[in-house]
Amino acid sequence: MTTRMKTYKKRTLFSLFVLGQPAMLLAQANAPQAPSFNFGLNEILWLTIIAMALLLLFLLLVLNRLVFLLKVEVMGPEQAAANKQSLWEKILSLKPISAEKDLVMEHEYDGIQELDNPTPPWFNFLFYGTILIAVVYLVNYHIVGDGNIMESEYAAQMEQGNAIKAKFEASNAAAIDETNVELLTEASEILEGSKIFAGKCKACHGDLGEGKTGPNLTDEYWIHGGDLKSVFKTIKYGVQEKGMAAWGDFLKPKEIQQVSSYILSIQGTVPAGQGKAPQGEKYQAEPAQESAPADTTQTVTAMNK
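Heads up: the sequence shown begins at 3 in my numbering, then just goes up one per residue.
Be aware that one or more of the hints could be misleading.
[As the list claims (entries may be wrong)] Below 30 Å or equal to it, Euclidean Cα-Cα: the simulated DSS-like pairs (lysine-lysine) are: (1) LYS169 - LYS235; (2) LYS202 - LYS244; (3) LYS169 - LYS238; (4) LYS204 - LYS238; (5) LYS278 - LYS238; (6) LYS278 - LYS197; (7) LYS204 - LYS278; (8) LYS197 - LYS231; (9) LYS284 - LYS256; (10) LYS167 - LYS278; (11) LYS202 - LYS169; (12) LYS254 - LYS167; (13) LYS202 - LYS235; (14) LYS254 - LYS238; (15) LYS278 - LYS235; (16) LYS197 - LYS238.
[What the hints assert, rightly or not] Distance ranges between label pairs, derived from CB positions: (17) LEU72 - VAL137: 23 to 29 Å; (18) LEU49 - MET107: 40 to 46 Å; (19) TRP124 - MET160: 42 to 48 Å; (20) LYS254 - ILE166: 19 to 25 Å; (21) LEU134 - MET107: 29 to 35 Å; (22) VAL241 - LYS197: 18 to 24 Å.
Just so you know, these hints were derived from the structure itself, not from any lab. Where is the CB? At the ideal position from N, CA and C, for every residue including glycine.
Using the sequences and the accompanying hints, generate a full structural model.
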(Lines of atoms letter the chains of each structure in order from A and count residues from 1; the text may use other names and numbers.)
(Lines give C-alpha, C1' and ligand atoms only; values in the text may rest on other atoms or scores of the structure.)
Protein backbone atom coordinates (compact mmCIF):
# COMPACT_ATOMS: atom_id res chain seq x y z
CA MET A 1 0.00 0.00 0.00
CA THR A 2 2.79 2.35 0.88
CA THR A 3 4.60 1.68 -2.41
CA ARG A 4 1.42 2.38 -4.39
CA MET A 5 0.88 5.66 -2.53
CA LYS A 6 4.41 6.77 -3.25
CA THR A 7 4.03 5.89 -6.92
CA TYR A 8 0.71 7.76 -7.08
CA LYS A 9 2.25 10.84 -5.48
CA LYS A 10 5.16 10.76 -7.92
CA ARG A 11 2.82 10.48 -10.90
CA THR A 12 0.63 13.30 -9.56
CA LEU A 13 3.61 15.61 -9.04
CA PHE A 14 4.93 14.74 -12.50
CA SER A 15 1.52 15.50 -14.07
CA LEU A 16 1.26 18.81 -12.26
CA PHE A 17 4.78 19.68 -13.37
CA VAL A 18 4.05 18.83 -17.03
CA LEU A 19 0.68 20.56 -17.05
CA GLY A 20 2.08 23.56 -15.23
CA GLN A 21 4.84 24.22 -17.76
CA PRO A 22 2.57 25.98 -20.35
CA ALA A 23 1.03 28.10 -17.61
CA MET A 24 4.46 29.06 -16.31
CA LEU A 25 5.67 29.93 -19.80
CA LEU A 26 2.54 32.00 -20.43
CA ALA A 27 2.95 33.81 -17.12
CA GLN A 28 6.58 34.54 -17.92
CA ALA A 29 5.61 35.87 -21.36
CA ASN A 30 2.95 38.16 -19.89
CA ALA A 31 5.07 39.30 -16.97
CA PRO A 32 6.73 42.71 -17.34
CA GLN A 33 10.21 42.30 -18.65
CA ALA A 34 13.02 43.65 -16.53
CA PRO A 35 15.09 46.33 -18.17
CA SER A 36 18.02 44.92 -20.08
CA PHE A 37 21.49 45.87 -18.98
CA ASN A 38 23.96 47.08 -21.54
CA PHE A 39 27.42 45.97 -20.54
CA GLY A 40 30.10 48.32 -21.70
CA LEU A 41 33.86 48.22 -21.38
CA ASN A 42 33.74 49.50 -17.79
CA GLU A 43 31.45 46.69 -16.65
CA ILE A 44 33.54 44.07 -18.45
CA LEU A 45 36.73 45.36 -16.84
CA TRP A 46 35.19 45.39 -13.38
CA LEU A 47 33.85 41.86 -13.79
CA THR A 48 37.29 40.75 -14.95
CA ILE A 49 38.95 42.32 -11.91
CA ILE A 50 36.43 40.75 -9.53
CA ALA A 51 36.84 37.35 -11.17
CA MET A 52 40.63 37.61 -10.92
CA ALA A 53 40.40 38.62 -7.25
CA LEU A 54 38.17 35.64 -6.46
CA LEU A 55 40.50 33.32 -8.37
CA LEU A 56 43.52 34.63 -6.47
CA LEU A 57 41.68 34.17 -3.17
CA PHE A 58 40.83 30.59 -4.10
CA LEU A 59 44.43 29.87 -5.11
CA LEU A 60 45.69 31.31 -1.82
CA LEU A 61 43.34 29.08 0.14
CA VAL A 62 44.44 26.04 -1.85
CA LEU A 63 48.12 26.97 -1.44
CA ASN A 64 47.65 27.46 2.28
CA ARG A 65 46.06 24.05 2.58
CA LEU A 66 48.84 22.40 0.57
CA VAL A 67 51.51 24.06 2.74
CA PHE A 68 49.83 22.80 5.89
CA LEU A 69 49.61 19.27 4.51
CA LEU A 70 53.27 19.44 3.57
CA LYS A 71 54.15 20.52 7.11
CA VAL A 72 52.16 17.61 8.49
CA GLU A 73 54.04 15.26 6.18
CA VAL A 74 57.45 16.63 7.14
CA MET A 75 57.05 17.64 10.82
CA GLY A 76 54.22 15.43 11.92
CA PRO A 77 50.72 16.44 12.98
CA GLU A 78 51.65 17.74 16.44
CA GLN A 79 54.54 19.93 15.29
CA ALA A 80 52.54 21.22 12.32
CA ALA A 81 49.63 22.13 14.60
CA ALA A 82 52.04 23.94 16.94
CA ASN A 83 53.43 26.00 14.07
CA LYS A 84 49.99 26.73 12.59
CA GLN A 85 49.45 30.47 12.25
CA SER A 86 46.32 32.46 12.91
CA LEU A 87 44.49 34.32 10.16
CA TRP A 88 45.93 37.66 11.31
CA GLU A 89 49.46 36.27 11.23
CA LYS A 90 48.89 34.94 7.75
CA ILE A 91 47.54 38.29 6.50
CA LEU A 92 50.58 40.10 7.92
CA SER A 93 52.91 37.27 6.83
CA LEU A 94 54.26 36.93 10.37
CA LYS A 95 56.57 34.01 11.12
CA PRO A 96 56.41 32.05 14.40
CA ILE A 97 59.19 32.47 16.91
CA SER A 98 60.27 28.87 16.34
CA ALA A 99 61.07 29.69 12.69
CA GLU A 100 63.10 32.80 13.49
CA LYS A 101 66.42 30.92 13.45
CA ASP A 102 65.78 29.95 9.84
CA LEU A 103 65.36 33.59 8.84
CA VAL A 104 68.69 34.87 10.17
CA MET A 105 70.84 36.23 7.34
CA GLU A 106 74.53 35.37 7.07
CA HIS A 107 75.98 38.82 7.56
CA GLU A 108 75.99 40.61 10.92
CA TYR A 109 77.58 43.73 12.35
CA ASP A 110 78.59 44.34 15.95
CA GLY A 111 76.48 41.43 17.08
CA ILE A 112 73.41 42.72 15.29
CA GLN A 113 71.72 40.22 13.03
CA GLU A 114 69.05 40.74 10.40
CA LEU A 115 66.09 38.54 9.59
CA ASP A 116 65.21 37.78 6.01
CA ASN A 117 61.52 38.67 6.18
CA PRO A 118 60.01 38.80 2.70
CA THR A 119 57.55 41.45 1.61
CA PRO A 120 54.02 40.49 2.75
CA PRO A 121 51.87 39.10 -0.07
CA TRP A 122 49.05 41.59 0.62
CA PHE A 123 51.48 44.44 -0.06
CA ASN A 124 52.53 42.82 -3.33
CA PHE A 125 48.87 42.38 -4.28
CA LEU A 126 48.25 46.08 -3.65
CA PHE A 127 51.29 47.03 -5.69
CA TYR A 128 50.43 44.84 -8.64
CA GLY A 129 46.79 45.93 -8.30
CA THR A 130 47.78 49.57 -8.77
CA ILE A 131 49.66 48.59 -11.92
CA LEU A 132 46.58 46.74 -13.19
CA ILE A 133 44.33 49.71 -12.40
CA ALA A 134 46.76 52.05 -14.18
CA VAL A 135 46.68 49.87 -17.30
CA VAL A 136 42.87 49.68 -17.21
CA TYR A 137 42.67 53.46 -16.76
CA LEU A 138 45.05 54.09 -19.65
CA VAL A 139 43.13 51.81 -22.00
CA ASN A 140 39.70 53.01 -20.93
CA TYR A 141 40.34 56.76 -20.82
CA HIS A 142 43.08 57.41 -23.37
CA ILE A 143 42.92 54.58 -25.93
CA VAL A 144 39.32 53.40 -26.16
CA GLY A 145 37.97 56.77 -25.01
CA ASP A 146 35.04 55.28 -23.10
CA GLY A 147 35.84 57.14 -19.88
CA ASN A 148 35.19 60.80 -19.13
CA ILE A 149 38.45 62.71 -19.09
CA MET A 150 38.55 66.33 -17.95
CA GLU A 151 37.61 67.76 -21.36
CA SER A 152 34.60 65.49 -21.78
CA GLU A 153 33.51 66.13 -18.19
CA TYR A 154 33.69 69.87 -18.86
CA ALA A 155 31.67 69.51 -22.06
CA ALA A 156 29.07 67.37 -20.28
CA GLN A 157 28.77 69.86 -17.43
CA MET A 158 28.44 72.76 -19.87
CA GLU A 159 25.71 70.89 -21.74
CA GLN A 160 23.94 70.18 -18.47
CA GLY A 161 24.28 73.84 -17.45
CA ASN A 162 22.87 75.03 -20.77
CA ALA A 163 19.92 72.67 -20.37
CA ILE A 164 19.24 74.03 -16.89
CA LYS A 165 19.56 77.59 -18.21
CA ALA A 166 17.16 76.89 -21.07
CA LYS A 167 14.67 75.32 -18.67
CA PHE A 168 14.94 78.30 -16.35
CA GLU A 169 14.46 80.77 -19.18
CA ALA A 170 11.50 78.80 -20.50
CA SER A 171 9.85 78.75 -17.08
CA ASN A 172 10.43 82.49 -16.57
CA ALA A 173 9.41 83.50 -20.09
CA ALA A 174 5.74 83.35 -19.11
CA ALA A 175 6.41 85.74 -16.21
CA ILE A 176 7.37 88.63 -18.52
CA ASP A 177 4.80 91.42 -18.59
CA GLU A 178 4.60 95.19 -19.11
CA THR A 179 5.86 95.85 -15.58
CA ASN A 180 9.15 93.96 -15.72
CA VAL A 181 9.99 93.63 -19.43
CA GLU A 182 13.58 94.48 -20.33
CA LEU A 183 15.05 95.62 -23.62
CA LEU A 184 16.78 92.92 -25.65
CA THR A 185 19.90 93.95 -27.55
CA GLU A 186 21.37 90.61 -28.67
CA ALA A 187 21.42 90.16 -32.45
CA SER A 188 19.71 86.77 -32.20
CA GLU A 189 16.83 88.22 -30.17
CA ILE A 190 16.41 91.16 -32.56
CA LEU A 191 16.40 88.71 -35.49
CA GLU A 192 13.63 86.67 -33.87
CA GLY A 193 11.68 89.88 -33.30
CA SER A 194 12.07 90.85 -36.96
CA LYS A 195 10.66 87.48 -38.01
CA ILE A 196 7.62 87.96 -35.79
CA PHE A 197 7.17 91.49 -37.14
CA ALA A 198 7.33 90.24 -40.73
CA GLY A 199 4.69 87.59 -40.01
CA LYS A 200 2.30 89.58 -37.83
CA CYS A 201 2.85 93.32 -38.17
CA LYS A 202 4.03 94.32 -41.65
CA ALA A 203 0.55 94.09 -43.18
CA CYS A 204 -0.46 97.21 -41.22
CA HIS A 205 2.87 98.85 -40.41
CA GLY A 206 4.82 98.11 -43.61
CA ASP A 207 7.84 95.99 -44.37
CA LEU A 208 10.18 98.52 -42.79
CA GLY A 209 7.79 99.79 -40.14
CA GLU A 210 7.16 102.94 -42.22
CA GLY A 211 3.39 102.71 -41.65
CA LYS A 212 0.42 101.79 -43.82
CA THR A 213 -2.95 101.33 -42.19
CA GLY A 214 -1.17 101.46 -38.88
CA PRO A 215 1.12 104.29 -37.74
CA ASN A 216 4.76 104.77 -38.59
CA LEU A 217 6.95 102.94 -36.08
CA THR A 218 10.27 104.46 -37.14
CA ASP A 219 9.70 108.11 -36.20
CA GLU A 220 9.72 109.83 -32.82
CA TYR A 221 5.94 110.15 -32.50
CA TRP A 222 3.86 107.65 -30.58
CA ILE A 223 0.17 107.40 -29.83
CA HIS A 224 0.38 105.12 -26.81
CA GLY A 225 3.91 105.78 -25.59
CA GLY A 226 7.31 105.06 -27.06
CA ASP A 227 9.10 103.36 -24.21
CA LEU A 228 9.54 99.59 -24.10
CA LYS A 229 6.85 98.96 -21.49
CA SER A 230 4.29 101.00 -23.42
CA VAL A 231 5.08 99.25 -26.70
CA PHE A 232 4.88 95.85 -24.97
CA LYS A 233 1.51 96.78 -23.41
CA THR A 234 0.11 98.02 -26.73
CA ILE A 235 1.09 94.82 -28.53
CA LYS A 236 -0.15 92.59 -25.72
CA TYR A 237 -3.60 94.15 -25.18
CA GLY A 238 -4.10 95.73 -28.60
CA VAL A 239 -6.15 98.82 -29.44
CA GLN A 240 -9.64 97.62 -30.20
CA GLU A 241 -10.99 101.00 -31.34
CA LYS A 242 -8.13 101.26 -33.87
CA GLY A 243 -8.58 97.72 -35.13
CA MET A 244 -5.35 96.38 -33.62
CA ALA A 245 -5.70 92.87 -32.23
CA ALA A 246 -4.57 91.88 -28.76
CA TRP A 247 -1.52 89.84 -29.70
CA GLY A 248 -1.20 88.57 -26.13
CA ASP A 249 -3.72 85.90 -27.13
CA PHE A 250 -1.50 84.68 -29.98
CA LEU A 251 2.09 85.44 -28.96
CA LYS A 252 4.04 84.32 -25.93
CA PRO A 253 5.36 87.00 -23.55
CA LYS A 254 8.90 86.26 -24.74
CA GLU A 255 7.85 86.80 -28.37
CA ILE A 256 6.16 90.10 -27.52
CA GLN A 257 9.39 91.16 -25.79
CA GLN A 258 11.38 90.26 -28.90
CA VAL A 259 9.14 92.12 -31.34
CA SER A 260 8.96 95.14 -29.00
CA SER A 261 12.74 95.27 -28.83
CA TYR A 262 12.91 94.99 -32.63
CA ILE A 263 10.47 97.88 -33.08
CA LEU A 264 12.59 100.12 -30.85
CA SER A 265 15.71 99.04 -32.77
CA ILE A 266 14.38 100.45 -36.07
CA GLN A 267 13.93 103.98 -34.76
CA GLY A 268 15.11 106.46 -37.41
CA THR A 269 15.78 103.83 -40.07
CA VAL A 270 13.23 105.36 -42.50
CA PRO A 271 14.23 108.86 -43.66
CA ALA A 272 11.93 111.70 -42.71
CA GLY A 273 9.20 112.40 -45.22
CA GLN A 274 9.25 108.90 -46.74
CA GLY A 275 7.11 107.11 -44.19
CA LYS A 276 3.60 107.76 -42.99
CA ALA A 277 2.95 111.14 -41.44
CA PRO A 278 3.68 111.37 -37.73
CA GLN A 279 0.86 110.54 -35.32
CA GLY A 280 0.58 111.12 -31.61
CA GLU A 281 3.07 112.96 -29.48
CA LYS A 282 6.81 113.16 -29.74
CA TYR A 283 8.43 110.81 -27.30
CA GLN A 284 11.59 111.75 -25.50
CA ALA A 285 13.38 109.14 -23.46
CA GLU A 286 14.08 110.08 -19.89
CA PRO A 287 17.79 110.68 -19.28
CA ALA A 288 19.49 107.96 -17.33
CA GLN A 289 19.93 108.88 -13.71
CA GLU A 290 23.55 109.00 -12.73
CA SER A 291 24.40 107.93 -9.23
CA ALA A 292 25.95 110.60 -7.04
CA PRO A 293 29.68 110.20 -6.51
CA ALA A 294 30.60 108.58 -3.25
CA ASP A 295 31.82 110.85 -0.47
CA THR A 296 35.47 109.97 -0.08
CA THR A 297 36.34 112.84 2.26
CA GLN A 298 36.24 110.68 5.35
CA THR A 299 38.31 107.98 3.71
CA VAL A 300 40.99 110.45 2.58
CA THR A 301 41.03 112.10 6.04
CA ALA A 302 41.45 108.74 7.72
CA MET A 303 44.32 107.84 5.38
CA ASN A 304 46.08 111.17 6.10
CA LYS A 305 45.87 110.54 9.82
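Hints versus structure:
{"no.": "1", "hint": "LYS169 - LYS235", "in the structure": "holds (26 Å)"}
{"no.": "2", "hint": "LYS202 - LYS244", "in the structure": "holds (16 Å)"}
{"no.": "3", "hint": "LYS169 - LYS238", "in the structure": "holds (24 Å)"}
{"no.": "4", "hint": "LYS204 - LYS238", "in the structure": "holds (17 Å)"}
{"no.": "5", "hint": "LYS278 - LYS238", "in the structure": "holds (23 Å)"}
{"no.": "6", "hint": "LYS278 - LYS197", "in the structure": "holds (22 Å)"}
{"no.": "7", "hint": "LYS204 - LYS278", "in the structure": "holds (14 Å)"}
{"no.": "8", "hint": "LYS197 - LYS231", "in the structure": "holds (20 Å)"}
{"no.": "9", "hint": "LYS284 - LYS256", "in the structure": "holds (27 Å)"}
{"no.": "10", "hint": "LYS167 - LYS278", "in the structure": "violated (42 Å)"}
{"no.": "11", "hint": "LYS202 - LYS169", "in the structure": "holds (27 Å)"}
{"no.": "12", "hint": "LYS254 - LYS167", "in the structure": "holds (19 Å)"}
{"no.": "13", "hint": "LYS202 - LYS235", "in the structure": "holds (16 Å)"}
{"no.": "14", "hint": "LYS254 - LYS238", "in the structure": "holds (9 Å)"}
{"no.": "15", "hint": "LYS278 - LYS235", "in the structure": "holds (23 Å)"}
{"no.": "16", "hint": "LYS197 - LYS238", "in the structure": "holds (17 Å)"}
{"no.": "17", "hint": "LEU72 - VAL137: 23 to 29 Å", "in the structure": "violated (35 Å)"}
{"no.": "18", "hint": "LEU49 - MET107: 40 to 46 Å", "in the structure": "holds (44 Å)"}
{"no.": "19", "hint": "TRP124 - MET160: 42 to 48 Å", "in the structure": "holds (43 Å)"}
{"no.": "20", "hint": "LYS254 - ILE166: 19 to 25 Å", "in the structure": "holds (20 Å)"}
{"no.": "21", "hint": "LEU134 - MET107: 29 to 35 Å", "in the structure": "holds (32 Å)"}
{"no.": "22", "hint": "VAL241 - LYS197: 18 to 24 Å", "in the structure": "holds (23 Å)"}
In summary, the numbered hints that this structure violates are 10 and 17.
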